[in-house]
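Build out the structure end to end from the sequences listed, making use of the hints.
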Amino acid sequence: MSPLSTWWRGAGGEVLKKILIANRGEIAVRVMRTCRDMGIQTVAVFSEPDRKALHVRYATEAYLIGPALASESYLNINKIIDTAKKSGADAIHPGYGFLSENAEFAQAVLDAGLIFIGPKPSSIHAMGSKTRARQIMQTAGVPVVPGICESISDFHQALKIAKEIGFPVMLKAAAGGGGKGMRKVETAEDLQSAFESTISEAQNSFADSAIYIEKFLENPRHIEVQIFADTQGHVISFAERECSVQRRHQKVIEESPSCFVNEEMRQKMGQVARQAALAVDYVGAGTIEFLLDAHKNFYFMEMNTRLQVEHPVTEMVTGLDLVEMQIKVARGEPLEIREQYVPAKGWAVEGRLCAEDPLQNFMPTPGNIRHFRQPGGPYVRTDAAIYTGCDVLIDYDPMIGKIIAWAPTRNLAIKRLDRALSELTIKGCTTNAMFLRQILNFEPFVSGIYDTSLINQFQKEPPKWVESEHEIVAMLGGALFNFKREKKMQTHVNTREFGDRQQLSNWQLK
Amino acid sequence: MKFIANLEGVEHLISLEPVQTQESQYLITLDGHDYRVDAHSMLSEIVTTIIDGKSYDIDIEKQNISDPLDGRLGVRVLGRVVYLEMLDERHKKMKDAQAVRFSESGLVRICSPMPGKILRLLVSEGDLVTEGQGLAVVEAMKMENELKSSKSGHVKEVFKKQGDSVDGGALLLTIE
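Protein chains in written order, with my numbering: chain V, 1 to 510; chain E, 1 to 176.
Hints are computed from structural coordinates only; laboratory data are not their basis. Beta carbons: idealized from backbone N, C-alpha and C, even for Gly. There's no promise every hint is true.
[To be verified] Calculated from the model, a selection of chain V residues having no Cβ within reach of chain E, i.e. all distances over 12 Å:
#1 R33
#2 K85
#3 S209
#4 E469
[To be verified] Computed cross-link-like contacts, EDC-like style, restricted to lysine to aspartate or glutamate with a CA-CA straight-line distance of at most 20 Å:
#5 K484(V) x D67(E)
#6 K54(E) x E423(V)
#7 K484(V) x E17(E)
#8 K484(V) x D70(E)
#9 K484(V) x E89(E)
#10 K328(V) x D281(V)
#11 K488(V) x D67(E)
Set out below in structure tokens:
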């Protein structure tokens, strides 16, 4: 572990005048926006197909770092650090995903004499292995999901443990995360094959065959606590975020605060989260993720040692800018908030906008965006990296942005987000916007009584969404569209032979 | 001009006539009901309409631009999407005739539903496949998507190979 004095280079000097953002997409733009607010110059890095991406256009400086393949561009540690040095950047912000939770990268940034806007490499390392994180948390008195804290390779031992904690159990890759590398086992008979396939999957996906066992929680809630720590040892926590609306372990809609959490739990979870941060000597923004059972018991699941996708809901209910706080902490400044706990004012809800088609099993829908109309109005925020004319690439994650709404009450915040999504218009690329609206209007979500099974429940019996008024107007519109198209087609044939059809669409006729 | 719409298996007849004396005015008859419509195109596919006094923004997405006999539309009205098929009379007749030919020849075309890369081809020419069997895995945006056979039969011809990048709608193979 590096001593604080060498880790933190902010003292006195002229630092943090220029930040390199080692990321792409909406998060790169979001970080750059705060930099602009603070008068800090920004350096974008980009892969070949990303030349026209918004983060490149928005930055003060931009440098090509490699081909589309992330391992040769956005995950290329040497190239990124070289670019930071050449451009004269004094710090690197990793965003989320890519290198954000890579201890080796954080260390390399420090070794290059630059500031890493994030925690110490040792904190990232400590939380990188699930078994290690469970050990640390248990030692610090933080409740973890019942199970073991060491990896296990002997099947007979595994069977013994599984029987002790009781089926169903979860087998999880120690190096896993983001919902990958885990398997539910219902009975002792199923254990052997599941045990073997989880080990091989862990080896294949994470190059680490270590797995462990924990109790399977039936339809848990997923609730997390944002924490912040400065270099002076001050740790604060924020009102919780509810992230139980998930599809295949990926978050879809998040809100803050949570209907499920009462004041007593809120204080307790905040205290536990701060304890967890202290246990790994944490600095900067981090998130403690908890699983909650139906009896409101909460268990530590993992700590994310970076800014989260859903951080805007916390910003909306607190009026704070978490990226600004990250930068100030990286400069060595103490947290301006002296209270241990920052409560929520009102309610905020976020929907993740993805280039995928809910009607075709959420198949990705890359393409060229021909038209983009962003929602507006009071207390609506759009964090997106798309614009009219941009390409949504097949090479990267399908999440293209987030729409967030705030209101004094939960009901109004939901309605406001629903309204904002109804205004959103994207042509050229199918998105999940309508699916988000259907969930926002789904009774269990509206009531606030839901858990991680919500989307399965919705998909079993989606409520009727389209009424006869929509159908009639759609048919009238379809007729108008076809009529105008046919007329245009005729004019084209008459005036310019059959060549250029660009005005009809950006698709190529075959 | 006459159109035939198919909405959830039910056919609807539509006739549309521009009102010659007034620009942007149309008389549309749908299943025997008359609608007076004032329509202005904003982009080629967004139309602002006033239908009998009510204002609607209609946002239309044609699912397949390259095939004139594929009339599938996604139409967004008041933020809700209605999926339907619509062809004008002439194209509808052509399509019906083609459908007859197709069912006689029994050839099924398997196309990539999206642009991406062919990660794996699971069958080769001459293979016997059953309905629902996986034929190829196409990768886009870090997600793998398996294309399944819509009928049982023999793989007649394979047009792409593993590792190829393909456009949306590209013909991958045929099944007989």
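Quiz item: Under the criterion that the straight-line Cα-Cα distance not exceed 20 Å, is the pair K484(V), D67(E) satisfied?
Solution: Distance ~17 Å between K484(V) and D67(E) Cα, so the pair holds.
Practice problem: Compute the least Cβ-Cβ separation between R33(V) and chain E, then decide whether it is above 12 Å. | Solution: holds (25 Å)
Quiz prompt | Pair hint K488(V) and D67(E), alpha-carbon separation not exceeding 20 Å | solution = holds (17 Å)
Self-check item: Restraint status (C-alpha distance of K484(V) to D70(E) at most 20 Å)
Solution: holds (17 Å)
Practice problem: Decide if the proposed pair is consistent with the structure: K54(E) and E423(V), CA atoms, cutoff 20 Å inclusive. | Solution: holds (18 Å)
Quiz item: Within a Cα-Cα threshold of 20 Å, do K328(V) and D281(V) meet the stated pairing?
Solution: Cα-Cα ~18 Å, so holds.
Quiz item: Within a Cα-Cα threshold of 20 Å, do K484(V) and E17(E) meet the stated pairing?
Solution: Holds, at roughly 12 Å.
Quiz item: Is it the case that S209(V) keeps its Cβ farther than 12 Å from each residue Cβ in chain E?
Solution: holds (23 Å)
Quiz item: When you look at the beta carbon of K85(V), is every beta carbon of chain E farther off than 12 Å?
Solution: K85(V) clear of chain E: closest Cβ-Cβ about 30 Å, beyond 12 Å.
Quiz item: Taking the minimum C-beta separation from E469(V) to chain E, is that value above 12 Å?
Solution: Not fine: 8 Å to the nearest Cβ puts E469(V) too close to chain E.
Quiz item: Is the straight-line distance between the alpha-carbon of K484(V) and that of E89(E) 20 Å or less?
Solution: Between K484(V) and E89(E) the Cα gap is close to 15 Å, so the pair holds against 20 Å.
The structure does not agree with numbered hint 4 stated previously, though it agrees with all others.
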